[in-house]
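Protein chains: 2
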Amino acid sequence: MSQPAVVLLSGGLDSSTVVALAQQAGYEVHALSFSYGQRHTVELEAAARVATASGVADHKVIDIDLRAFGGSALTADIDVPKHGSADDLGNDIPITYVPARNTIFLSFALAWAEVLGSSDIFIGVNALDYSGYPDCRPEFVDAFQHLARLATKTGVGGAEITIHAPLIDLTKAEIVAAGTALDVDYGLTISCYDPDPAGLACGHCDSCLLRHRGFVDAGVVDPTSYQPGAAPS
Amino acid sequence: MSQPAVVLLSGGLDSSTVVALAQQAGYEVHALSFSYGQRHTVELEAAARVATASGVADHKVIDIDLRAFGGSALTADIDVPKHGSADDLGNDIPITYVPARNTIFLSFALAWAEVLGSSDIFIGVNALDYSGYPDCRPEFVDAFQHLARLATKTGVGGAEITIHAPLIDLTKAEIVAAGTALDVDYGLTISCYDPDPAGLACGHCDSCLLRHRGFVDAGVVDPTSYQPGAAPS
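Each protein sequence line maps, in turn, to chains Y and L.
What the first sequence shows, in the working numbering, is residues 313 to 545, in sequence order.
What the second sequence shows, in the working numbering, is residues 313 to 545, in sequence order.
Just chain Y, same shape as in the assembly (with noise of 0.2 Å):
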């Protein structure tokens, strides 16, 4: 019988990869995702659409409300800023950061890991592309591994957790290659911080040119569904 992982999952290339690469290592994946203030959340339908075209053992959403605290473009109204403005808040950390984000993220991810026997967390982090990110360090995960063997109940008498960050190394364009010969469809999901209602990617956003260029450098085929007129040449 195959392992139970917890796989955060949030619709986007990464983290549909990492379901990809956990179904791969032979894990039974229980996927989770959040619905926390975000204006997009056509990320969530991403989500549920790459989860069921998965196959995955279970999908979970949590509604937090990141937005009681303020403080960044992805959960307060404010506008997000297109690639070449200034979206700089004095650290070269992007506004659209979100405070303590993978924190709370994995903190929820851990408490449904015990409560399902389960030692294993997937995150979809990536060092190179993290762009001032602090919680996407390896760093970080090394420390939230810390804590969670501390934490739990598993951590005083049973399996030690593993916080799994296959991405942390690897190059957009690595991501690419990996997924695809997993046979992800990237076409489900969504990277865009500023997609329409329809879920179409504005193709200008920092997020949809990193991922664009990811595509090109991995020369598989973008099969990103953008805005009319909207994709990145």
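Derived by calculation from the structure, the hints in this document are not laboratory data.
Don't take every hint at face value.
For identical chains, the list gives no copy identity; a pair is met inside one copy or between any two copies.
Stated by the list, open to error - Subject to a maximum C-alpha distance of 20 Å in a straight line, what follows is the list of computed SDA-like cross-link-like pairs (lysine to any residue):
1) Lys-372 with Pro-316
2) Lys-372 with Glu-357
3) Lys-372 with Ser-347
4) Lys-372 with Tyr-348
5) Lys-372 with Gln-335
These numbers come from a predicted model, not from an experiment.
Chain Y is already provided as a structure; the job is to place chain L on it using the hints.
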């Protein structure tokens, strides 16, 4: 101007004491409570009473739903064990343990601290009374502080986060004595695992017995409102 601090406030004896200790230390207290599917929402009413009586700068209640994962008597629909009954899951950890609860709570506190520009978080965990809860140990607090310093923008460029756990080495009697010296009104607080809908304590659960013993040992009159005939002797 006093520095802002985020204080986790459950409405119980311990966290209400921590609010007073943080204020005594000169911090402007931003109190944070959670509605997490616990059956005793009378806790949240107690938290609101304590926040008001303490004159905190702000009090937020975040809705999260740990019931989605199941796994604990405090969130699932099973009976709370009474003193002397089997309350052991196999590792001397009580069934009332909520998976990853303090990890989740501290993660939200970290998000709010970052938005406030605060580098101080207070939590009322207690090692002596922790009764087998893994996330109440000093090493857990240290590990979260390490994580927090890596996870946040302040951890990259600004002041380092400190997780204050001022009760960690205190007995319940010492906590009662400290709070009484700071005029904490413990009649506003509730610690019972199984209060009635009016918020009256059962007088029989482990938490009621531990709390009552604290008042007795501190030589302070127990101001708890118990259900008729239920006051511990």
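Within, between, both or neither: Lys-372, Pro-316 at alpha-carbon 20 Å
For Lys-372 and Pro-316, the Cα distance is within 20 Å only inside one copy (14 Å; across copies 35 Å).
Is it within a copy, between copies, both, or neither that the alpha carbon of Lys-372 lies no farther than 20 Å from that of Ser-347?
both (10 Å within a copy, 19 Å between copies)
Should Lys-372 paired with Glu-357 be assigned to within, between, both, or neither, using CA atoms and 20 Å as the limit?
within (12 Å within a copy, 30 Å between copies)
Classify it for me, Lys-372 with Gln-335: is the Cα-Cα distance of at most 20 Å met within a copy, between copies, both or neither?
within (17 Å within a copy, 40 Å between copies)
Reference check for the pair Lys-372 and Tyr-348, CA-CA at most 20 Å: within, between, both, or neither?
Classified as both; 13 Å inside a copy, 16 Å across copies.
Figure legend: structure checked against the earlier numbered hints; every hint is met.
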